[in-house]
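Student: Sequence:
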Amino acid sequence: MPRSSQPPFPDPATAPKVAPAPASGMYWYKAPEHGQQRLALRAHTCTMVGSSIYVFGGCDRACYNDMHVFDTDSMSWSKPTVYGDIPPPLRAMTTTAVGKKLVIFGGGDGPTYYNDVYIFDTTTNRYTKPVTSGEQPSKRRAHTACFYRNGIYIFGGGDGERALDDVWRLDVSDFNKLFWKCVCPPSSGSGSAASRVLANTSTTSLSAKIRKNGPMASNSPTLDDSPPQQQRPTARGYHTANMVGSKLIVYGGSDGQECFRDVWVFDVDTEVWKLVPMDPPSVPPTAGATPPPASVGGGKVSFQRLSHTATIVGSYLFVVGGHDGVEYSSEVLLLNLAVTMQWDKRKVYGQPPTGRGYHGAVLHDSRVFVIGGFDGQSVFADTYVLELAVSSYFSQISHFSIEV
Numbered sequence: 001m002p003r004s005s006q007p008p009f010p011d012p013a014t015a016p017k018v019a020p021a022p023a024s025g026m027y028w029y030k031a032p033e034h035g036q037q038r039l040a041l042r043a044h045t046c047t048m049v050g051s052s053i054y055v056f057g058g059c060d061r062a063c064y065n066d067m068h069v070f071d072t073d074s075m076s077w078s079k080p081t082v083y084g085d086i087p088p089p090l091r092a093m094t095t096t097a098v099g100k101k102l103v104i105f106g107g108g109d110g111p112t113y114y115n116d117v118y119i120f121d122t123t124t125n126r127y128t129k130p131v132t133s134g135e136q137p138s139k140r141r142a143h144t145a146c147f148y149r150n151g152i153y154i155f156g157g158g159d160g161e162r163a164l165d166d167v168w169r170l171d172v173s174d175f176n177k178l179f180w181k182c183v184c185p186p187s188s189g190s191g192s193a194a195s196r197v198l199a200n201t202s203t204t205s206l207s208a209k210i211r212k213n214g215p216m217a218s219n220s221p222t223l224d225d226s227p228p229q230q231q232r233p234t235a236r237g238y239h240t241a242n243m244v245g246s247k248l249i250v251y252g253g254s255d256g257q258e259c260f261r262d263v264w265v266f267d268v269d270t271e272v273w274k275l276v277p278m279d280p281p282s283v284p285p286t287a288g289a290t291p292p293p294a295s296v297g298g299g300k301v302s303f304q305r306l307s308h309t310a311t312i313v314g315s316y317l318f319v320v321g322g323h324d325g326v327e328y329s330s331e332v333l334l335l336n337l338a339v340t341m342q343w344d345k346r347k348v349y350g351q352p353p354t355g356r357g358y359h360g361a362v363l364h365d366s367r368v369f370v371i372g373g374f375d376g377q378s379v380f381a382d383t384y385v386l387e388l389a390v391s392s393y394f395s396q397i398s399h400f401s402i403e404v
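Once you know that position 82 of the sequence shown is 82 in the UniProt record's numbering, the rest is easy, because the numbers rise by one and skip nothing.
The hints are simulated quantities; they were obtained by calculation from the structure and are not laboratory data.
Do not rely on the hints blindly, as some may be mistaken.
What the hints assert, rightly or not - The calculated label-pair distances, taken between Cβ atoms and stated as ranges, are: (1) T81 x E403: 44 to 50 Å; (2) T81 x D279: 50 to 56 Å; (3) G84 x S52: 18 to 24 Å; (4) T123 x V272: 24 to 30 Å.
Stated by the list, open to error - The list that follows gives simulated cross-link-like pairs (lysine to any residue, SDA-like), each with its CA atoms no further than 20 Å apart: (5) K177 x V98; (6) K139 x G110; (7) K79 x A40; (8) K101 x M48; (9) K177 x D85; (10) K30 x M75; (11) K101 x E135; (12) K129 x G84.
Glycine included, C-beta positions come from ideal geometry on N, C-alpha and C.
Given only the sequences and the hints, what does the whole structure look like? Please build it.
Tutor: If you want it as structure tokens, here you go:
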């Protein structure tokens with residue numbers, strides 16, 4: 001459906017008073033949603049298939065296993081009738097698009113963790129629970145999953161005993177023969193006393209712990225006694241991971257005590273981790289010291305993030321919201337992946353969403369859709385849209401490489 005046939009936007013006479021944005025400026029607006037009412041959700045997944053966003057699971061006062069569909073052309077919600085082997089209620093799982101199928105892995109509900117795989121066929125609305133072979137990853141939630149060359153790469157999370165730093169690959173070249181392989185085993189430090197906090201902390205109590213403790217120190221991986229090829233991120237969950245070519249870009253997260261700000265790149269072809277040197281550096285000179293706010297584009301921006309979203313828009317990584325160790329944020333941060341591998345911040349106009357984490361975000365038609373989330377007090381049922389405006393050319397850039 002072309003944009004001209006979309007439902008009308010709110011009447012300017014009754015719309016919120018927001019300063020006008022220049023034609024070239026990115027801007028926020030609250031989506032004029034229609035259709036079936038959706039529950040308020042946090043720790044759900046949002047996955048793009050065609051022009052529709054599939055929203056699965058998540059929680060408010062309870063966990064859910066519902067599938068909701070948001071049509072980005074008509075801005076309308078629907079809840080399809082689903083069939084087959086329906087997953088249990090889940091939160092903090094991952095859902096990865098492989099063609100027109102969605103691959104759901106892990107997640108949990110209260111003290112229960114899972115390592116099951118479910119496949120949802122968006123053409124038939126049917127779930128299947130396939131048998132997987134190979135060594136199995138541990139049960140986990142708050143991990144990440146990215147698709148590359150017939151494989152889904154899983155990193156980190158918590159398994160109920162400890163936070164994790166391992167990498168797994170699920171071969172999905174044949175849905176009748178799914179095969180697991182551990183491509184980066186856990187380090188000897190995975191599951192330390194500090195990282196155990198994440199695994200035994202709910203999304204609500206984790207946020208409460210961070211608010212109670214105030215600013216968190218940036219993470220300080222032990223690098224001095226290890227050769228460069230052994231460098232790797234510390235165990236974590238509620239981070240983000242995005243795939244650019246063969247490079248898995250991991251940013252932020254938490255082990256339940258520290259809110260991280262580092263950026264790592266894992267080359268899935270060579271199976272080598274590299275820490276991205278940032279300005280200011282990702283790792284502060286004094287381990288355990290709280291890093292000062294970083295100055296970007298003339299403004300003060302904290303790089304620490306957990307429960308944020310990160311969306312590839314051309315050669316930029318758009319980071320929206322999350323918790324910075326002090327409070328929930330509504331900031332939009334841009335990481336230049338192709339040229340500087342440094343942070344950038346652009347002025348964004350319009351009506352931004354309130355600060356939040358545990359939301360979902362996807363890119364479609366030069367717009368970033370942000371759905372749901374949690375601000376420490378309230379769980380949201382809203383949808384916000386970040387219009388890229390003249391910056392929409394970012395999304396047309398499809399060929400670039402990352403050098404670290």
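Student: Quick one: which hint numbers does this structure break? Sort them smallest to largest.
Tutor: Structure breaks hints 4, 11.
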